[in-house]
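There are 2 protein chains.
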Amino acid sequence: MSPAMKKTIGHRGIDPTGETTYKKTTSSALQGAIQLGITHTVGSLSQKPERDVLLQDFEVVESIFFPSEGSNLTPAHHYGDFRFKTYAPMAFRYFREMFGIRPDDYMYSLCNEPLIELSNSGASGSLFYVSSDDEYIIKTVQHKEAEFLQKLLPGYFMNLNQNKRTLLPKFYGLYCVQAAGKNIRIAVMNNLLPSAVKMHLKYDLKGSTYKRRASVKEREKAVPTYKDLDFMQDIHEGLLLEGDKYSAVCKTIQRDCLLLQSFKIMDYSLLVGIHNVNQACQEQASEEAGAVDQRRPQGQKSLYSTAIEAIQAEAGSMGSLDTEDKTGGIPARNSKGERLLVYIGIIDILQSYRLVKRLEHSWKALVHDGDTVSVHRPSFYAERFQKFMCNVVFRKISCKSRISVLAGVLKTNFAACTSMRIMQSGRPDLLPKTLLASDAVGTTTETAVSSSLENPGFASTSHPLPHSQDAYKSVGVDLNNTLSKDQEHSTTKR
Amino acid sequence: MSPAMKKTIGHRGIDPTGETTYKKTTSSALQGAIQLGITHTVGSLSQKPERDVLLQDFEVVESIFFPSEGSNLTPAHHYGDFRFKTYAPMAFRYFREMFGIRPDDYMYSLCNEPLIELSNSGASGSLFYVSSDDEYIIKTVQHKEAEFLQKLLPGYFMNLNQNKRTLLPKFYGLYCVQAAGKNIRIAVMNNLLPSAVKMHLKYDLKGSTYKRRASVKEREKAVPTYKDLDFMQDIHEGLLLEGDKYSAVCKTIQRDCLLLQSFKIMDYSLLVGIHNVNQACQEQASEEAGAVDQRRPQGQKSLYSTAIEAIQAEAGSMGSLDTEDKTGGIPARNSKGERLLVYIGIIDILQSYRLVKRLEHSWKALVHDGDTVSVHRPSFYAERFQKFMCNVVFRKISCKSRISVLAGVLKTNFAACTSMRIMQSGRPDLLPKTLLASDAVGTTTETAVSSSLENPGFASTSHPLPHSQDAYKSVGVDLNNTLSKDQEHSTTKR
Chain A
1 MSPAMKKTIG HRGIDPTGET TYKKTTSSAL QGAIQLGITH TVGSLSQKPE
51 RDVLLQDFEV VESIFFPSEG SNLTPAHHYG DFRFKTYAPM AFRYFREMFG
101 IRPDDYMYSL CNEPLIELSN SGASGSLFYV SSDDEYIIKT VQHKEAEFLQ
151 KLLPGYFMNL NQNKRTLLPK FYGLYCVQAA GKNIRIAVMN NLLPSAVKMH
201 LKYDLKGSTY KRRASVKERE KAVPTYKDLD FMQDIHEGLL LEGDKYSAVC
251 KTIQRDCLLL QSFKIMDYSL LVGIHNVNQA CQEQASEEAG AVDQRRPQGQ
301 KSLYSTAIEA IQAEAGSMGS LDTEDKTGGI PARNSKGERL LVYIGIIDIL
351 QSYRLVKRLE HSWKALVHDG DTVSVHRPSF YAERFQKFMC NVVFRKISCK
401 SRISVLAGVL KTNFAACTSM RIMQSGRPDL LPKTLLASDA VGTTTETAVS
451 SSLENPGFAS TSHPLPHSQD AYKSVGVDLN NTLSKDQEHS TTKR
Chain B
1 MSPAMKKTIG HRGIDPTGET TYKKTTSSAL QGAIQLGITH TVGSLSQKPE
51 RDVLLQDFEV VESIFFPSEG SNLTPAHHYG DFRFKTYAPM AFRYFREMFG
101 IRPDDYMYSL CNEPLIELSN SGASGSLFYV SSDDEYIIKT VQHKEAEFLQ
151 KLLPGYFMNL NQNKRTLLPK FYGLYCVQAA GKNIRIAVMN NLLPSAVKMH
201 LKYDLKGSTY KRRASVKERE KAVPTYKDLD FMQDIHEGLL LEGDKYSAVC
251 KTIQRDCLLL QSFKIMDYSL LVGIHNVNQA CQEQASEEAG AVDQRRPQGQ
301 KSLYSTAIEA IQAEAGSMGS LDTEDKTGGI PARNSKGERL LVYIGIIDIL
351 QSYRLVKRLE HSWKALVHDG DTVSVHRPSF YAERFQKFMC NVVFRKISCK
401 SRISVLAGVL KTNFAACTSM RIMQSGRPDL LPKTLLASDA VGTTTETAVS
451 SSLENPGFAS TSHPLPHSQD AYKSVGVDLN NTLSKDQEHS TTKR
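First to last, the protein sequences are chains A and B. Position 45 of the first sequence, counted from 1, bears residue number 45 in full-length UniProt numbering, the numbering being contiguous throughout. Position 226 of the second sequence, counted from 1, bears residue number 226 in full-length UniProt numbering, the numbering being contiguous throughout.
Worth double-checking, as some hints may not be accurate.
Identical copies look the same in the list; a pair holds intra-copy or inter-copy alike.
Unchecked claim - Computed list of lysine-lysine pairs in BS3-like fashion (alpha-carbon distance at most 27 Å, straight line):
id, residue 1, residue 2
1, Lys198, Lys336
2, Lys48, Lys251
3, Lys217, Lys182
4, Lys48, Lys264
5, Lys48, Lys387
6, Lys151, Lys211
7, Lys182, Lys387
8, Lys264, Lys151
9, Lys164, Lys151
10, Lys24, Lys336
If you're looking for bench data, these hints aren't it; they were derived computationally from the structure. Just so we're clear, the structure is a prediction, and the values are computed from it rather than from any experiment.
Excised from the complex, chain A in its bound form (with noise of 0.2 Å):
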């Protein structure tokens, strides 16, 4: 980062040396603490016997102080004493073990490697690093935002047990570096981005249009992070999934806005990272440097599985033309036709308690939108967030769009792509070669798509979302109610 950058956002600052800095900590000893709190707390969790989480392990906070000379249970440092307090360490163990994360690998990852600052760490005011296999983010979140992860703990457990393909966040740690009289909490969670593959393009979509489209100052970037008035305007033909796919997808989505509006919380967006396979074949050919990374190694275990994992089970052999990918892309296609991978997750699930501040600006953006009904924002939030993805962002390939897909297939040289193919499939042998026997360049005039005809709209077709009006009724009406008349003692409430 350039030390001409001075300014400050909330808590992110510069020092003198040009060093950034989070509550005036200076981000190598940030990063100092980080590596020697993870490190201990994993160690000293693996020493406890496995066990099942209870409820009340949501609340626990295990806290130990690292003094700069060292003690017994802490090695010397030169960070300056500090206390590294863990949220939850049994629940968050449970979660790790449920993403198939070992505590060997966290640490590894976490600890051994020096981090990596994210000097584009937008306006929020936090703090971005991630790890040096790219497979972690760690993320400073304000005290608001800790304490709401926390609430959100027991439900989370539910859904991560009814819903494996959620596309939330996957947390895998809450922590905080307690120094100098300031508190920095950080949440460690997975990197749904990964910089091994290339984004052609990347979205942050709310389904709202007030307001939404990337700033020009955005736009300077290499990669911009566009927003939906861009995405309509660019890609008016939506993403392209086949039928169990797009089924998977939208359900997934369906969920997980469920579990958020539950929590009331509103104003997520889905981020969407799209590579463009066909576009990457082009750049390798013409530049013979890859466009795909190669720094990952081979035989690690895929961690940017949050995409791919939410269509895995309905995504059956349906005689896909598209091949395995072992990134976690979701294979789709674009209107003309080109192969796409699209990385997807549900991003800003903790800052609901911004509501009451922004309250004036959602509130314009709702009416803008057509909200009239301001008690049911958070359904309301869910429900046009699920019709956007489900009707505009993705939509079913559709027979007649089937045709042109392959007529782009065919359209791309092969030839070039060979080694680039192997690379993503893994899979040589899946090529289509049906398709290359046979003369199907009849059809490749044909490129218009229209498949938004076939697309009969998601949310009018299946399971609406239970809220005010539906199955919500209840607990709208008795939530409070919970046991009868001659109760003489308050329910507790939770």
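Dock chain B against the given chain A, drawing on the hints supplied.
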């Protein structure tokens, strides 16, 4: 029930016609209301779309009024106006699904045949019914018990998702019949001891020795429910299990106890029903009246699976002598080598609210048993319970006892038992042919078993329950200290 028995215990009484009453409602009216209510609630639930269970679903209460003249939602009836409440309908639907119970089967079993009132209801003042097909127990529960079960539901959900082989009661539903200004709350549970299988011995075990002997009155019954001291006297060698089954039972008890302890639950029991296969064979031979009553339909899915489920995952192909049993009993042996089927489950977990009232008694009992640290009573109770079950009640079968088991098998009159064995096992091909073929008579003289020497004691070997001094430390210390010093708002406690 004879009209002579006029005694009122708790809310249970007898009216002038001799019919049982509960809170002055006749048993027949209560049954009618329960059946109408469950029919309605299960029916209306099946019309709601499938969705994930949310945290707030545990607190929902649905309510419907049944006027005797009928309404557009409810049929006319002759039980007097009543209101029927269903607690946490979505959550219990999820639990029933987890337990493999289809909505139709549930409704049919409970509502399409008369419920059978159990005359032998015990001293609690509760009224018990069993469904005609023997699958379900309906029990009236007190206000505080219902309240407690509701509070327990999130922890119960977590336990079911982690510890699928739990021995805790299977709660299928919690309802309330409101009539004539009274609330009658009922819980629907699994029937732990199927009447189709004759129990030769029955025990209610707590791990305590204080006053834990069946009363003279209890002993007069055909099959009394004996207690801890009786067990130690009658079955001093314990119930012998194969090694893998022993480990699985003890591990499950340990996990269940941890949950109970976390909810500060005490005074629960392990209900143990023992079917002696050898004895049943002899009885069958001499009486020609089936010791196993054939009432239960053959094709029906066994719900008496609590006990066997607890060991199924670990019970590999260890060359067990015991064949599979359809009724869910755990194959075991007594010290004479006789084949047993053991049915177990943890019962009476909702009565913690009695704690205050019964403090004096509990206190005495605990002091008598050596508990001097009264603050740790739930953990003390849990630990003593586990130790008793895994050191006294269940023992690992040893080589020595295995030999005497063979002897016992050989002594059995196979000819008299053929039909029995086939019915029990459903796998006549699994009969121990090699044993019959080989000449093991030389070992038949050895009948003494000393398995207790080979049993190193469960509690002292593996995974101590993490109570006060242990992994629980952090819970005890930090439970109320979930956020850091600069916290401005008090954390919402759950």
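Up to 27 Å CA-CA - Lys182 versus Lys217, copy category: So Lys217 and Lys182 fail the 27 Å test inside a copy (33 Å) and across (69 Å) alike.
Same-copy or cross-copy closeness of Lys24 to Lys336 [CA-CA at most 27 Å]: neither (50 Å within a copy, 76 Å between copies)
27 Å Cα threshold - placement of Lys211 relative to Lys151: Neither. Shortest intra-copy (31 Å) and inter-copy (45 Å) distances fail the 27 Å Cα cut-off.
Lys48 and Lys264: within-copy, between-copy, both or neither at 27 Å Cα: Between copies, since 22 Å is at most 27 Å while 36 Å is not.
Copy assignment of Lys164 with Lys151, given that the CA separation must stay at most 27 Å: both (20 Å within a copy, 26 Å between copies)
Homomeric proximity label, Lys182 with Lys387: Cα distance no greater than 27 Å: Neither: 43 Å inside a copy, 47 Å across copies.
Intra- versus inter-subunit Cα pairing at 27 Å for Lys48 with Lys251: Classified as between: cross-chain Cα gap 17 Å, same-chain 38 Å, threshold 27 Å.
Within, between, both or neither, where Lys264 and Lys151 count as close if Cα-Cα is 27 Å or less: both (12 Å within a copy, 22 Å between copies)
Lys48 and Lys387: within-copy, between-copy, both or neither at 27 Å Cα: between (46 Å within a copy, 21 Å between copies)
Intra/inter-copy verdict for Lys198 and Lys336 if alpha-carbon distance must be at most 27 Å: Within one copy, since 20 Å is at most 27 Å while 72 Å is not.
In this structure, the hints that do not hold are numbers 3, 6, 7, 10, in rising order.
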